[in-house]
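Peer 1: Chains A and B supply the protein sequences, listed in that same order.
Residue 214 in the numbering used here sits at position 211 of the first sequence; the count goes up by one each step and never skips.
Residue 389 in the numbering used here sits at position 384 of the second sequence; the count goes up by one each step and never skips.
There may be inaccurate statements among the hints.
What the hints assert, rightly or not - Ranges between beta-carbon positions, derived for each pair:
no.: 1; chain 1: A; residue 1: Ala246; chain 2: B; residue 2: Leu377; range: 34 to 42 Å
no.: 2; chain 1: B; residue 1: Leu22; chain 2: A; residue 2: Arg103; range: 43 to 51 Å
no.: 3; chain 1: A; residue 1: Leu284; chain 2: B; residue 2: Thr387; range: 30 to 38 Å
no.: 4; chain 1: A; residue 1: Asp222; chain 2: B; residue 2: Ile378; range: 34 to 42 Å
no.: 5; chain 1: A; residue 1: Asp222; chain 2: B; residue 2: Glu379; range: 29 to 37 Å
no.: 6; chain 1: A; residue 1: Asp163; chain 2: B; residue 2: Leu28; range: 37 to 45 Å
What the hints assert, rightly or not - Every beta carbon over 12 Å from chain B, so not counted as near; a handful from chain A, in silico:
no.: 7; residue: Gln61
no.: 8; residue: Arg103
no.: 9; residue: Asp250
no.: 10; residue: Gly270
Said to hold, decoys possible - A few chain A positions that, by computed beta-carbon distances, are all more than 12 Å from chain B:
no.: 11; residue: Arg16
no.: 12; residue: Arg51
no.: 13; residue: Asp57
no.: 14; residue: Glu58
no.: 15; residue: Ala142
no.: 16; residue: Gly159
no.: 17; residue: Arg161
no.: 18; residue: Arg253
These aren't lab readings, by the way, just hints derived from the structure by calculation.
By construction, the Cβ of each residue, glycine as well, lies at the ideal position given by its N, Cα and C atoms.
Each chain is listed here by its residues.
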Amino acid sequence: MAHDLIPADVRSRLKDLRLTARRAIGAQGIGVHHSRSRGAGLEFAQYRAYEPGDELRQIDWKLYARSDRFFVREAERESPLTVWIVLDATASMAQRDGARGTRFDAARSLAACVAELALRQGDRFGLLVLHGEGVRLVAPGNGARQRDQLLLALHGLRADGAFPVQDRLGPVFERIGAGDLVLVLSDWFDDATSALVERLAAARREVLAIQLLTAEERDFSYTGGHRFRDPETGEELLGDAAALRADYLRRFADAQRMLDARLDAAGIRHARHYTDQPLDLPLRRLFGARDAAEYA
Amino acid sequence: MSLAFLLPAGLAALAALLLPLLLHLARRHEQTPTDFAALRWLRQKPKPRHRIRFDEWPLLLLRLLLLALLALWLARPVLSGLDDDRPWQVVVPGVDAGLARTQATDPRTRLHWLAPGFPSLDAPAPTDTPAIGSLLRQLDAELPPGVALTVVVPSTLQGADAERPTLSRDVAWNIVDGAMPATNAAPPSPLALVVRHAAGDERGLRYLRAAARAWQPANATDAPLQVGTPDAPLPAPTHPLVWQVPGPVPSTVMQWIAAGGTALLDSDATLDGIAMTSVAWCDADGTPLVEAAAYGRGRVMRFTRPLRPDAMPLLVDADFPHQLRALFDPPADAPSRVSAADYAPVGGGASYPVAPRDLQPWLALLIALLALIERWMATRRTRSVAP
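One chain only, chain B, in its complex shape:
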């Protein structure tokens, strides 16, 4: 157990201890003139002792203590070494709580769910899928080095990430029967492109149409492509919009984007007040082909070149449909279901110092209490006038 100060310069406030000392110093210049006829028996002392004297000792001590605590408070004291070394057992949701209790051999074991906030095992089992690896790493970093950690896991885990957790301690990895429910990955929705092009300019349409057809299964017949002129009504914001109209983008389209739509603009379309912030697609040389920016709740993208094979050779590339599709698809979920035995943490990870306990709130409480006592002592009726 050791005390440390996060802001030792705060101890400079200890200089304020001089204030009450000065206040309580018996003021020597206040010598009451007194006639005293028996002075000859008084003055045989060689000289009066020059001793520093203070009035009202208890109040002075209290004030000194109060100021010292205030200085301590300013120095932000922390106390380390007060670690609780009782072993931990975390239970991955999906394991029966009663079964998990029987796994604990040490009666001092603290039982918790492996869930954000680590709720106690007495709490109902968390329903959502925890990020097991992340939570294990967090727990490992937060626990003091000596604390034994037991993890009770069902045989099949859901919510694992791509790497086996590398922890600083050796973890008892108890696999019990059971499986976590698999999260149903949403099936990829068929993408229906909505294309608006300037009347009479259908040059790029064929490439878009070809790409849209390439997305379809082989036996499908209709291309998921709605083609219209700029006057045609806009689709629901779930469908991406390809705006092949040069010139300023009308405000209706901007509102549509701001409401959550995704729009891919022609290279000649201009946007007022929106700067493209990222590159969504670039070719093998690294030249940006599509720039993107967020706008409102939606997303706006723009080709940097016209849709012509001479300007953009990738148009005729076999990869073009995939690349185009990738512009609109949300990022795919990484696989997170794993056999528990294959996800056992490995040791040898870096350990972190445990965050020491902050003493400031307790000090503040003590200071407030002392301040109350000081006020009571300083203002009670029986007190003398000075100082």
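So that you can see chain A by itself, here it is in the shape it has in the complex:
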């Protein structure tokens, strides 16, 4: 695995991408997202009475001259966003795709891309890794230091084990705040992933889903006899690829359609990424030009 998770060409194409949220953000700080909070900013929101603790420089002195009372001029603040990268690190993510590396490599690169975008926008970003031993967490923060911390965590990860049981998913609901942007990188083969994001979406978290698939899962380009093995359950299936292909492709397409319908029903924006395609493509689909124009 390359030292830099983001290929150079992808990094150059990231420049015109922005993470966008659909809802106004309530968080404190300075960012690029619409905000429900009032504070220092360009767009005037309201005057309010001075309260002890307000900075003196926020007082509108011209109004004080007219009214002999302290007023604080408030503007709509452009808030930072908290982006949670939820990374599925179960064994199925370790699916190798020929010489291109594994699905998990692509997921890590995507996570690094998102971190890079968030860093540029001044958004806070954190990492949640779901793997066999439970949930691993990199608490959200911003700045280059946070990015490096996240990259360090990504480097040490290995995809292993099955999806964590419900009891271990506590941190997901405890740490992800309402209104946070949650980007889930998974293969969505496990029903538990869908159930988890449905719960998150129902709890007013803005969930984005990226399904990562290998080219072989899409095309089933195997030939000859194979002993197929499920990395999560260890089940094996002896079969001839040519004989299995047609049925597999049909069922797999059905499964993807059902997943799309499920995510759509939960109001979750979703994109599909094949490992033989450029990394920024799913991000472009999720944070398309229409949304990005608002932020320009």
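Keeping the supplied structure of chain A fixed, place chain B upon it in accordance with the hints.
Peer 2: Quick look at chain B alone, frame taken from chain A:
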């Protein structure tokens, strides 16, 4: 047209067809272990179909074909019924070729000389005298039953044998003017006996001398008989030698015989290493009088009894000179000149099945070609590794 096998057991080699089938059978135990996360969509099939599959169909078919042809080749296939039914016209040498051509009414007629090998009429006329009857019988046996045969003959034939040819088909016997040249029979050469006898023993000589004189024409005076002792030089091998010396035959005489001479030995003469193989002359009771054997290029004969009337009563018989002469004379030529009209073949002879065409050479050619193609297909660079 029908195909037959002269050696049907060769078809057992068809069992070898199993070899390429086994070679090309997709080997199922070579299951590549593959991690596949989307297995749940794969395994809903009840069970993988157990279907026999083969790799590289074109090469397999070619190999099967090659082996099948080899088995066919071993079974020695012949093809019968491919007979050419164009009429034949054979021309006996002695008939003008141009004249013979005008005799052919059917333009499809095949024109040949009646000569060994049946050369085409376009070839120059054969010069030697053909054995007409024998060639006609051969031709009749070789031609398929339905083929019409026309024979153009000159009015006088040379080379006929003693029997009118009995053929299986009705032959058009076209007699045209002309005569075949008569072969000059060599006149019988006067036979000069050379007698060598032991000194002092002239008992048998008188009979030999009498016989030799009897061979002569009536007005001849000198007897064609050279008499000498064993030391006298031997004559040329064309003259028969009568060796009336008892005891072992000297090696000079043996060499003379081996060089092509004919010798008649005394009953007491002994030969080393030569066993008499045939009886050249026997009397009315069937008792052998003279035995004979071949030696080298010549012939050696021996009386079984001494030349005395008491031992061999035939000595005084009037027939003795003829019988003695017959020992030395070559067999006389049978008369072979006949009027063509009297030598017309008669029908009703036995017919023979036509020899079917042997397909082995053609099959061998095809097999070699297929083997080349197979090697090319099996060794070309784009081919995969297995099988």
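Peer 1: Run the structure past the numbered hints and jot down the numbers of the failing ones, going up.
Peer 2: 9, 18
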